[in-house]
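Please model the entire structure based on the sequences and the hints provided.
Numbered as in UniProt numbering, the sequence shown ends at 197 without a single skipped number.
What the hints contain is simulated information worked out from the structure, not anything from laboratory work.
Any given hint could turn out to be false.
[Said to hold, decoys possible] EDC-like, lysine to aspartate or glutamate: derived pairs with alpha carbons at most 16 angstroms apart:
| no. | residue 1 | residue 2 |
| --- | --- | --- |
| 1 | K126 | D95 |
| 2 | K126 | E96 |
| 3 | K46 | E63 |
| 4 | K46 | E60 |
[Stated by the list, open to error] Ranges of calculated distance between the beta carbons of each label pair, as one might list FRET restraints:
| no. | residue 1 | residue 2 | range |
| --- | --- | --- | --- |
| 5 | E115 | L40 | 40 to 48 angstroms |
| 6 | D111 | L40 | 28 to 36 angstroms |
| 7 | A72 | P192 | 18 to 26 angstroms |
| 8 | D180 | E115 | 22 to 30 angstroms |
| 9 | R132 | E81 | 29 to 37 angstroms |
| 10 | D95 | G66 | 32 to 40 angstroms |
Backbone N, C-alpha and C fix where the C-beta goes; we use that ideal spot for every residue, glycine too.
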Amino acid sequence: MPEVWCARVRPVATGRPSAPKNRTEVRRVQSETTVPSESLLPERSKEVARHLRSAGVTGEIREMPGSTRTAADAAAALGCEPGAIASSLVFLAADEPVLVLTSGRHRIDTDALVERLGWQPLTRAKPEQVRRATGQAIGGVAPLGHPRALPTVVDSALADYERVWAAGGTPRTVFPTTHDELVRITGGRSLPVASDE
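Next up, the structure:
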């Protein structure tokens, strides 16, 4: 099996994972400790894994010991910068769901994005709308594996990172990928999504 680098995290008083304090806390581990057999993944992640394989993605879904619901949680658990986390956000444009994969280093400027795309104004989807559109819960929305393909924008800032991490269908699963691969597998458009870009 391939080897991966993974952060070994210790719970803090709040029970949330903390980022490694230095490089000596990042340990080399065999992938079997972080990449479960597909049969052991949650059902939603199994579906995402099938779509990833069909799309030719070689990165495997990993189940984390704690939640990776937010970019900060995921970055702490993975020992990477928040900017290398591809956060999946679902919006509604004229009542139609759209997916924006943004770098965890900044917030989306929806007005600027609407102007760039010529879309109707964007409103944040409610949890039940996210689940209906994607089949997945907020904090675990994968870039693909939805009941139907969603119009997708991939944050061009993700290209600044050699490896990025995206959700694998649940708030505790992630997989490694790249900006270009996200554009390819979603059929999305690469655009700046933050106001400062």
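Right, here's what the structure says about each hint:
Between K126 and D95 the alpha-carbon distance is near 12 angstroms, which keeps this suggested pair within the 16 angstroms criterion. Only pairs whose Cα atoms come within 16 angstroms are accepted, and K126 paired with E96 is accepted, the gap being roughly 13 angstroms. With a C-alpha separation of about 11 angstroms, the suggested pair K46 and E63 falls inside the 16 angstroms cut-off, and the hint holds. The straight-line distance between the Cα atoms of K46 and E60 is roughly 11 angstroms, inside the 16 angstroms bound, and the hint therefore holds.
Range check, E115 to L40: Cβ separation about 45 angstroms, and the 40 to 48 angstroms hint holds. Distance hint check for D111 and L40: the Cβ-Cβ separation is about 43 angstroms, which falls outside the suggested range of 28 to 36 angstroms. About 22 angstroms separates the C-beta atoms of A72 and P192, a value consistent with the hinted range of 18 to 26 angstroms. A hinted range of 22 to 30 angstroms holds for the C-beta pair D180 and E115, which are about 25 angstroms apart.
Judged by the Cβ atoms, the range 29 to 37 angstroms given for R132 and E81 holds: they are separated by roughly 32 angstroms. Distance hint check: the CB atoms of D95 and G66 are about 35 angstroms apart, consistent with the given range 32 to 40 angstroms.
Going through the hint list in order, the structure does not satisfy hint 6, though it satisfies all others.
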